[in-house]
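2 protein chains.
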Amino acid sequence: MTGFSVTPVTGLPELREGDDLAGAIVERIDLADGDVVVVAQKAISKVEGRVVAVADIEASEQARELAADTDPRRIQVILDEAAELVRTRPPLIIARTKHGFVCGSAGVDASNAPEEGTLVLLPLDPDGSAARLRDELRERTGANVGVLVTDSFGRPWRAGTTDVAIGAAGVEVLRILDGEKDPAGYELHATRMALGDQIAGAAQLVFGKLDRVPVAVVRGLDVAGDQTAAELVIPPETDLFR
Amino acid sequence: MTGFSVTPVTGLPELREGDDLAGAIVERIDLADGDVVVVAQKAISKVEGRVVAVADIEASEQARELAADTDPRRIQVILDEAAELVRTRPPLIIARTKHGFVCGSAGVDASNAPEEGTLVLLPLDPDGSAARLRDELRERTGANVGVLVTDSFGRPWRAGTTDVAIGAAGVEVLRILDGEKDPAGYELHATRMALGDQIAGAAQLVFGKLDRVPVAVVRGLDVAGDQTAAELVIPPETDLFR
Numbered sequence: 046m047t048g049f050s051v052t053p054v055t056g057l058p059e060l061r062e063g064d065d066l067a068g069a070i071v072e073r074i075d076l077a078d079g080d081v082v083v084v085a086q087k088a089i090s091k092v093e094g095r096v097v098a099v100a101d102i103e104a105s106e107q108a109r110e111l112a113a114d115t116d117p118r119r120i121q122v123i124l125d126e127a128a129e130l131v132r133t134r135p136p137l138i139i140a141r142t143k144h145g146f147v148c149g150s151a152g153v154d155a156s157n158a159p160e161e162g163t164l165v166l167l168p169l170d171p172d173g174s175a176a177r178l179r180d181e182l183r184e185r186t187g188a189n190v191g192v193l194v195t196d197s198f199g200r201p202w203r204a205g206t207t208d209v210a211i212g213a214a215g216v217e218v219l220r221i222l223d224g225e226k227d228p229a230g231y232e233l234h235a236t237r238m239a240l241g242d243q244i245a246g247a248a249q250l251v252f253g254k255l256d257r258v259p260v261a262v263v264r265g266l267d268v269a270g271d272q273t274a275a276e277l278v279i280p281p282e283t284d285l286f287r
Numbered sequence: 046m047t048g049f050s051v052t053p054v055t056g057l058p059e060l061r062e063g064d065d066l067a068g069a070i071v072e073r074i075d076l077a078d079g080d081v082v083v084v085a086q087k088a089i090s091k092v093e094g095r096v097v098a099v100a101d102i103e104a105s106e107q108a109r110e111l112a113a114d115t116d117p118r119r120i121q122v123i124l125d126e127a128a129e130l131v132r133t134r135p136p137l138i139i140a141r142t143k144h145g146f147v148c149g150s151a152g153v154d155a156s157n158a159p160e161e162g163t164l165v166l167l168p169l170d171p172d173g174s175a176a177r178l179r180d181e182l183r184e185r186t187g188a189n190v191g192v193l194v195t196d197s198f199g200r201p202w203r204a205g206t207t208d209v210a211i212g213a214a215g216v217e218v219l220r221i222l223d224g225e226k227d228p229a230g231y232e233l234h235a236t237r238m239a240l241g242d243q244i245a246g247a248a249q250l251v252f253g254k255l256d257r258v259p260v261a262v263v264r265g266l267d268v269a270g271d272q273t274a275a276e277l278v279i280p281p282e283t284d285l286f287r
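Line by line, the protein sequences give chains A and B.
Count the first sequence with our numbering and you get residues 46 to 287, in order.
Count the second sequence with our numbering and you get residues 46 to 287, in order.
Careful: at least some of the hints might be erroneous.
Which copy? The list can't say, so a pair holds if one copy fits it or any two copies do.
Simulated crosslink set (SDA-like; lysine to any residue; CA at most 25 Å straight-line) [what the hints assert, rightly or not]:
| id | residue 1 | residue 2 |
| --- | --- | --- |
| 1 | 143 | 199 |
| 2 | 143 | 110 |
| 3 | 143 | 201 |
| 4 | 143 | 126 |
| 5 | 143 | 176 |
| 6 | 143 | 285 |
| 7 | 143 | 236 |
| 8 | 143 | 173 |
| 9 | 143 | 95 |
| 10 | 143 | 169 |
| 11 | 143 | 281 |
Quick caveat, the hints were computed from the structure, so don't treat them as lab data.
Throw the hints in and build the complete structure from the sequences for me.
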């Protein structure tokens with residue numbers, strides 16, 4: 046094991062709906078079998094047109110109640126993306142999205158939006174987005190790469206956000222060691238490592254929020270697999286923190 | 046920005062109380078200014094003697110109640126390490142440690158313990174451990190490095206563990222962007238990135254649970270700073286998930 050590298054893909058243009066993201070990536074970096082291409086959710090959402098204009102939104106009574114002194118139309122967009130509200134402290138909302146992710150504002154974000162007055166939503170099907178991008182990258186380069194789509198989530202008890210994998214294709218996102226033995230012979234009963242989230246976090250270290258670098262390539266990890274990011278979501282009924 | 050690399054430090058001996066960890070590291074890898082040396086908690090705890098023999102423990106009534114069909118002496122060790130029990134489903138315990146970390150079994154772990162019948166506890170003062178190791182590495186090499194001490198924690202809602210920073214010296218563990226503007230001029234109101242946890246997770250990708258590699262060197266990140274890992278803990282009174 047000689048370690049791994051994380052390389053940002055710099056110089057990408059500002060992305061718009063319908064843009065050829067795979068083409069923009071392969072123009073800027075060489076890919077090889079086993080690489081993991083990590084893409085910030087916002088880049089995927091923009092090319093997929095998952096952007097709404099606040100001016101087109103009509104706020105409900107519930108949205109006005111939860112908005113405190115902020116724009117209730119933004120809250121309405123969050124409510125529309127949410128399957129369940131997990132915690133609220135107006136105007137802060139932690140919600141479970143329709144995909145099952147628990148995160149702030151149901152993943153709705155105004156920063157790095159394409160233009161003033163717009164909000165970026167999570168992709169409808171981030172695992173599908175990852176699979177499509179993986180296929181497109183293979184068609185262009187012949188390289189068998191993995192793809193992760195990532196977003197920055199807050200966590201209970203710990204300050205700050207870390208990036209997690211919300212979409213995956215061709216990657217072992219959850220390594221399960223149950224039943225294997227450590228060097229001393231101790232059986233590792235419940236060791237499950239969230240590789241996908243750790244790779245997402247590593248990539249975020251080169252994204253930067255201010256520098257508009259939404260893609261990185263991770264090379265040297267042995268994490269080829271066929272799991273989706275849905276594997277990283279604990280079903281509510283088995284979650285001790287439900 | 047040309048990215049960064051994560052290199053495992055291989056060939057370390059099995060560590061015992063009083064061993065010279067800094068010496069063992071510098072014998073095996075070159076260090077340079079700006080590197081971050083990431084050390085799995087268990088390596089620190091072993092050289093600091095934070096290991097208990099289960100045979101020396103007497104279980105309380107509470108420990109027997111929480112043990113279900115497992116060894117109540119192990120539960121007693123967890124109770125002794127805990128400041129507060131956050132969730133219990135016998136024999137599973139999520140606790141807040143005396144340092145303030147919320148994690149499974151209050152950080153008490155049997156895997157990779159030095160010998161059968163022993164349990165490894167978290168360091169008493171992981172930030173202090175990181176600071177001491179940093180000083181020792183600088184004395185030996187002249188290099189001004191950062192040090193992180195890490196452990197694998199579970200999280201609500203998401204499957205698997207990710208490594209987080211429980212001790213830090215010379216590292217910017219929490220980058221706060223409040224008030225800065227993204228390229229579109231949108232003010233980033235509450236963007237705080239848990240760099241320390243993301244670096245910890247990146248290093249864990251080369252640790253491996255089975256391969257006994259407890260140290261990695263991260264090179265190429267611009268994260269020199271002077272925060273402690275305590276910065277990554279949300280005080281209970283301000284935590285929406287309390």
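Hints violated by the structure (listed by number, smallest first)
Violated hints: none; all satisfied.
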